[in-house]
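Build the full structure now, drawing on both the sequences and the hints.
Protein chains: 2
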Amino acid sequence: MMYYIRYGFLVLLIHNVSDMRPFTELYQNYQEQASLIKFPSHPQKLYESITYFMDSPSKKIRPVLCLMGNELFREIHGDSYMAANAVELFHNFSLVHDDIMDHSTLRRGRPTLHVKYGGNTAILAGDTLLIHSYMQLNKIAIDYRGQVMSLFSDMACKVCEGQQMDIDFEEREIEDLSYAEYIKMITYKTSVLLGTSARIGALIGGADSQQQIDIYELGKNIGIAFQIQDDFLDAFGVAAKTGKQIGLDILENKKTALLLKAFELADPVRKAHLKNAMTITGEDRIEAVISIYKALSIDQWAGNAIRHHTAIAFESLDKIAVPVYKREKLYELANSLLVRES
Amino acid sequence: MMYYIRYGFLVLLIHNVSDMRPFTELYQNYQEQASLIKFPSHPQKLYESITYFMDSPSKKIRPVLCLMGNELFREIHGDSYMAANAVELFHNFSLVHDDIMDHSTLRRGRPTLHVKYGGNTAILAGDTLLIHSYMQLNKIAIDYRGQVMSLFSDMACKVCEGQQMDIDFEEREIEDLSYAEYIKMITYKTSVLLGTSARIGALIGGADSQQQIDIYELGKNIGIAFQIQDDFLDAFGVAAKTGKQIGLDILENKKTALLLKAFELADPVRKAHLKNAMTITGEDRIEAVISIYKALSIDQWAGNAIRHHTAIAFESLDKIAVPVYKREKLYELANSLLVRES
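Sequences listed follow chains E and S, in order. Per our numbering, the very first residue in the first sequence carries number 276; after that it's consecutive. Per our numbering, the very first residue in the second sequence carries number 276; after that it's consecutive.
Take these hints with a grain of salt, some might be off.
It does not matter which identical chain is meant; a pair holds if it fits inside one copy or across any two.
EDC-like, lysine to aspartate or glutamate: derived pairs with alpha carbons at most 16 Å apart [unchecked claim]:
hint : residue 1 : residue 2
1    : K530      : D451
2    : K604      : E350
3    : K313      : D443
Rather than coming from a laboratory, the hints here were simulated on the basis of the structure. Everything numeric in this text was worked out from a predicted model, so none of it was measured.
The structure is reproduced here in structure tokens:
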């Protein structure tokens with residue numbers, strides 16, 4: 276607020292300035308709005324399953340990114356809450372359907388929707404959430420509704436395409452895959468939703484095309500960095516700090532950024548060692564694979580890759596000509612996502 | 276065209292008249308438009324599966340109903356083709372997901388999408404079709420796009436709800452179910468899409484609210500009549516005429532309109548006979564159940580029910596103040612759907 280008093284008038288001339296609130300405050304703000312999303316009560320099983328899933332505790336990163344995208348340019352317009360609801364409903368749709376495909380049994384610490392209500396209801400619950408995301412978008416002002424829906428649908432298709440690429444990944448031989456394909460897959464599967472959430476908010480907030488692209492790149496690259504970090508922490512994290520068991524990806528021979536990069540960097544002898552290590556049963560596999568990762572400096576490589584995408588994200592943000600104090604809250608959010616202690 | 280010459284000027288004063296083309300002509304017309312729906316090529320499996328499904332021969336009743344809804348009022352506006360594409364894409368989405376839920380192996384004479392490409396790709400293909408239906412709607416004129424999308428989304432939710440009711444039906448005891456619930460279930464599951472397809476076309480064609488409701492009721496009741504007829508023909512049809520094996524529903528103890536009505540009409544003794552007949556193994560069950568249906572005059576009841584809904588449909592159409600010769604093509608379509616020889 277001091278900023279206002281000192282530079283107030285000049286800054287007001289350049290921008291319709293309002294303060295940029297931190298994630299936690301916008302989270303609270305969004306939670307109130309989200310509670311206004313209502314579903315019918317019948318058929319009971321369908322809507323009970325949707326409420327069960329939507330009510331489970333979640334970080335609401337996407338809807339808050341949407342609000343931040345708006346607030347970076349102007350004070351939050353009511354339409355951004357509709358858009359925030361749409362991206363949150365869409366995110367839940369994709370989780371419900373992904374959990375079926377991945378045979379996941381736990382989500383947000385509770386049984387997945389299909390485990391609790393059956394696969395058929397889970398398919399329908401996902402479908403209904405997707406339809407409701409468009410119902411939210413249909414409430415926003417006609418001036419830019421078409422543009423928002425177009426960005427949203429392009430993103431939605433990419434998310435489905437990314438999930439298909441992930442399914443294909445699991446069926447293909449590791450040596451036929453590349454790290455570049457992995458980046459494309461995770462970009463589509465998870466990062467375009469982050470980028471688009473921020474971009475739609477910015478569009479509603481009055482950002483021009485270049486600013487929209489910059490904030491999209493911010494969200495997208497944070498998403499990519501976050502995903503590589505997730506893979507990194509599975510092998511090199513400290514369970515006490517991450518709260519996750521170490522080596523689960525290795526036990527599943529999951530095609531992570533680390534494993535794909537290791538196959539790209541290894542000479543034929545090391546490649547043979549790695550393949551062999553992947554056949555070891557039980558916990559010993561974890562140690563064997565990690566020791567090969569270390570020999571290939573995969574830990575350092577991963578650190579660099581995370582920094583690379585974080586740098587692109589921040590450079591994109593820097594390009595946006597809004598007062599620095601407004602951008603700070605987005606740096607804070609990015610850092611809170613990316614500085615999970617290893 | 277003779278009509279034009281004779282009454283031309285007067286009719287033109289009442290309506291912006293163009294000839295109302297029959298189903299077959301609009302079908303051809305729509306086919307050309309539908310071929311313009313393009314999907315990307317990557318990921319190959321996802322889009323190959325969608326093309327496989329969309330290219331299988333189908334009657335295109337919903338998109339043509341949409342075009343007829345428009346042409347009943349004014350000559351076809353380009354937007355109606357987008358709306359027609361949307362209802363057709365949506366219909367295909369619902370078939371792909373329903374086939375997974377119902378474990379169906381054949382659709383339009385070919386293996387179902389999930390049988391050919393796997394359940395995961397089938398879930399994603401359905402999701403992608405649903406998203407593409409909204410992409411089509413987003414192309415139509417801004418003046419009524421919001422209204423169209425609102426009608427479309429309400430319909431889409433009902434279709435999912437109807438499918439959930441159908442799943443619930445299969446899990447519930449036949450004696451806990453009513454014919455009224457059955458009507459609600461099939462209305463949601465199949466008929467609101469027919470009604471909404473026609474209504475959206477009419478809206479684009481400039482119909483007022485009451486006319487939109489009337490044409491919606493037309494489509495909806497034709498759908499209901501068609502569904503009861505489908506159940507009727509399973510028991511009382513002639514295989515040589517319907518091209519379908521008789522008694523398949525009975526062999527599966529499917530909860531059809533006929534079975535539900537039979538349970539409602541039967542006294543305790545007949546109810547016991549019917550329950551007993553349903554436990555007979557093999558083809559003998561068909562004869563046993565049909566003889567009870569006949570004793571309860573279920574065949575006559577079904578004929579009346581079909582006529583009842585057909586009458587509501589035609590009364591709704593009669594209310595619409597457009598020249599009779601324009602309405603005729605819709606009567607023709609309804610009759611072609613409903614007069615399948617038993």
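Consistency of the hints with the structure:
For the homomeric pair K530 and D451, the shortest alpha-carbon distance inside one copy (12 Å) is at most 16 Å, but the shortest distance between copies (50 Å) is not. Taking CA atoms no more than 16 Å apart as the test, K604 paired with E350 passes inside one copy only; the shortest distance there is 14 Å, against 55 Å between copies. Proximity of K313 and D443 under a CA criterion of 16 Å is satisfied in neither setting, with 36 Å inside one chain copy and 22 Å between copies.
Checked against the numbered hints above, the structure violates only hint 3.
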